[in-house]
Amino acid sequence: MGEQRNFRVWRGDDNGGQLEDFQVEVNDGEVVLDIIHRLQATQAPDLAVRWNCKAGKCGSCSMEINGKPRLGCMTRMSTFAPEETVTVTPLRTFPVIRDLVTDVSFNYQKARELPAFAPPADVAPGEYRMQQIDVERSQEFRKCIECFLCQNVCHVIRDHEDNKQAFSGPRFFIRAAELDMHPLDTRTDRKDAAVEEQGIGYCNITKCCTEVCPEHIKITDNAIIPMKERAVDRRYDPIAWLGSKIFRREQLDKPAGYATAGVATAPRPNAGTADTPVEQAAAHGAQGDISANWHREAAAGHAAPVGPDGKLPVTEFTGQLAGAQSPFGDDVEFPMPATDINYQHPNRPDEH
Amino acid sequence: MTTTATRPAGQRPRAAIAAKTLRTDRWWLAPLLTVSLLTLWVAYATVRAFMQDLYWVPDYHYLTPFYSPCVSTGCAPESAEFGRFLPNWPIIPFAAVTLPFLLLFRLTCYYYRRAYYRSFWASPPACAVPDGHRNYSGETRFPLIFQNAHRYFFYAAVLISLINTWDAIVAFHGKGGGFGFGLGNIVLLVNVVMLWAYTLSCHSCRHIIGGRLKHFSKHPVRYRAWGFVSKLNGKHMQLAWITLGTLMLTDAYVMAVAAGWISDLRFFH
Chain G
0 MGEQRNFRVW RGDDNGGQLE DFQVEVNDGE VVLDIIHRLQ ATQAPDLAVR WNCKAGKCGS
60 CSMEINGKPR LGCMTRMSTF APEETVTVTP LRTFPVIRDL VTDVSFNYQK ARELPAFAPP
120 ADVAPGEYRM QQIDVERSQE FRKCIECFLC QNVCHVIRDH EDNKQAFSGP RFFIRAAELD
180 MHPLDTRTDR KDAAVEEQGI GYCNITKCCT EVCPEHIKIT DNAIIPMKER AVDRRYDPIA
240 WLGSKIFRRE QLDKPAGYAT AGVATAPRPN AGTADTPVEQ AAAHGAQGDI SANWHREAAA
300 GHAAPVGPDG KLPVTEFTGQ LAGAQSPFGD DVEFPMPATD INYQHPNRPD EH
Chain L
0 MTTTATRPAG QRPRAAIAAK TLRTDRWWLA PLLTVSLLTL WVAYATVRAF MQDLYWVPDY
60 HYLTPFYSPC VSTGCAPESA EFGRFLPNWP IIPFAAVTLP FLLLFRLTCY YYRRAYYRSF
120 WASPPACAVP DGHRNYSGET RFPLIFQNAH RYFFYAAVLI SLINTWDAIV AFHGKGGGFG
180 FGLGNIVLLV NVVMLWAYTL SCHSCRHIIG GRLKHFSKHP VRYRAWGFVS KLNGKHMQLA
240 WITLGTLMLT DAYVMAVAAG WISDLRFFH
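In the order they appear, the protein sequences are chains G and L. Per numbering that gives the first Met the number 0, residue 0 is the first one in the first sequence, and the count goes up by one each step. Per numbering that gives the first Met the number 0, residue 0 is the first one in the second sequence, and the count goes up by one each step.
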């Protein structure tokens, strides 16, 4: 049997609202989201809250607990004193829909404005090869669960609504850094885009995004400051600019796939010729045990189903497709021809 | 009846929450401490920089970092390792060649920026506490766009750290000449080691040493160096405060010995 605790929850919608007081039972081991659910079950059945996994991995239950942006499911009740009143409010930076649910579409808009991953044109999907040390910096940023707590806490847009146009926010700075550090990304304009399109100059590195990140991504130290320094190379540092011209650094920084002939950049077989994958593999060299069919006919890239504005729809409701695109291409029929499969049976090397 | 999802229609208002912040912890403590300690330190450093006295212990060749390199014609001749060429006016500190660069290195440092934007400028005073300003343009315009020059002050700080290292080496000086070793040497050495740690942990250094690369696998040596600097960089805030402390303590120690308030504890000569 638990004890009674004091809760204050913001109730309302876009027409206004107020904090309402509740007395609610709290048991050992519970988190704030559990208490919100108990309020729904017992006292406030119409209390709106967005939640999903209850494990800190879906990023849905972002809210402000005692004024701090937190995940409801990761904030233990044992961190509060028994007599303390716990105040729960919706995220302040985004428009409210109802109660604890806010409209976070600002973030989706900013995500669409960011140029996507751009692999080398002659490397097919499935043939990307890169070394671990080259991708590990980018991998840290893949931990992001898109809870948007960093976007919510950032004072650039939290306290200055007028900056929303020019400023993308920490979540998209880590995305920009992830792509700029990616060994196979070929875009060279990401540093300029970070300054001109994303407004990284608005950030004054007060590190609140890092403080609130539930995945403990070092947003400021590992993404924003490196991106700022990369932008300095490009725009504000005459010596770095001169050095890049003299030493032709862009040659050094070509993606790994460019130089490795035979694997990533090998010409694809033409359909209808005598070039079978087996012959190609045999011609490939004295490798002996070829474990993969590198020269399969990779599915051609398909244009994204973008709307008249050249962008993907925000949701399925407004798009032509239900669900995501097939990674094999939307017009591919299964089963695919066996020669197109990137697999070789270990005991039957002449079969594919 | 269930409500179906609708497309967002136009700009909607934020939640009408009356309180400016609902934080219940002592969020004001950190900015308050930062303001107090930085103000105290700057006041001490200003007084000492313009004091033009008690900076040099002739017996043991201790020179305070606030007067290094001593290049004014007013400097004691033995303390001037790098010549004496600045005029001896009261408004020109004896180390006027280096002090502005050190000031700018710390002023544009990514950690100090965080500290003073939060505490002195209240932008924001703490996370989820409102910014005290009506408009905000960050570091996009003059003068704050010059924060991007941090790496140049880093280069200067490396040169100045070399000078400080030299000072710590020549300070192994006994009374009347030859080798000597006292408590002051340990103070100077600790200060220099900490200054190097702070300087090398700089975010610009981390970028220059390897952070700017796209392919670590092609630059194994720079990758290792980047890993080392990254470790130090994680402690940049602590090192920023530690070096303020060691600078002040070193200076105070040299001042106290120079003034004869205390005598240096000698281990050898």
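Just so you know, these hints were derived from the structure itself, not from any lab. Check each hint, because a few of them may be wrong.
What the hints assert, rightly or not - Only some residues are given here: those of chain L computed to face chain G with a beta carbon under 7 angstroms: (1) R13; (2) A127; (3) T139; (4) T242.
As the list claims (entries may be wrong) - In silico BS3-like pairs for lysine-lysine, Cα to Cα no more than 30 angstroms straight-line: (5) K19/L / K163/G; (6) K230/L / K142/G; (7) K234/L / K217/G; (8) K244/G / K310/G; (9) K142/G / K53/G.
Positions of the beta carbon are idealized from the N, C-alpha and C atoms, including for glycine.
Right, here's what the structure says about each hint:
1. Against a cut-off of 7 angstroms between C-beta atoms, the interface hint on R13/L holds, since the closest Cβ of chain G lies about 6 angstroms away.
2. Among the interface hints, the one on A127/L holds; its C-beta lies about 6 angstroms from the nearest C-beta in chain G, closer than the 7 angstroms criterion.
3. Using the Cβ-Cβ criterion of 7 angstroms, the hint placing T139/L at the interface with chain G is satisfied: the shortest such distance is roughly 4 angstroms.
4. Taken as an interface hint, T242/L does not check out: its beta carbon lies about 19 angstroms from the nearest beta carbon of chain G, beyond 7 angstroms.
5. Pair hint K19/L plus K163/G holds up; C-alpha atoms about 20 angstroms apart against a cutoff of 30 angstroms.
6. Annotation: proposed proximity of K230/L to K142/G holds, straight-line Cα distance about 21 angstroms (limit 30 angstroms).
7. Under the criterion of a C-alpha separation no larger than 30 angstroms, the hint pairing K234/L with K217/G is consistent with the structure, at around 13 angstroms.
8. Our distance criterion of 30 angstroms between C-alpha atoms is broken by K244/G and K310/G, whose separation comes to about 35 angstroms.
9. A distance of roughly 17 angstroms separates the Cα atoms of K142/G and K53/G; the hinted pair therefore holds under the 30 angstroms criterion.
The structure shown violates the earlier hints numbered 4, 8.
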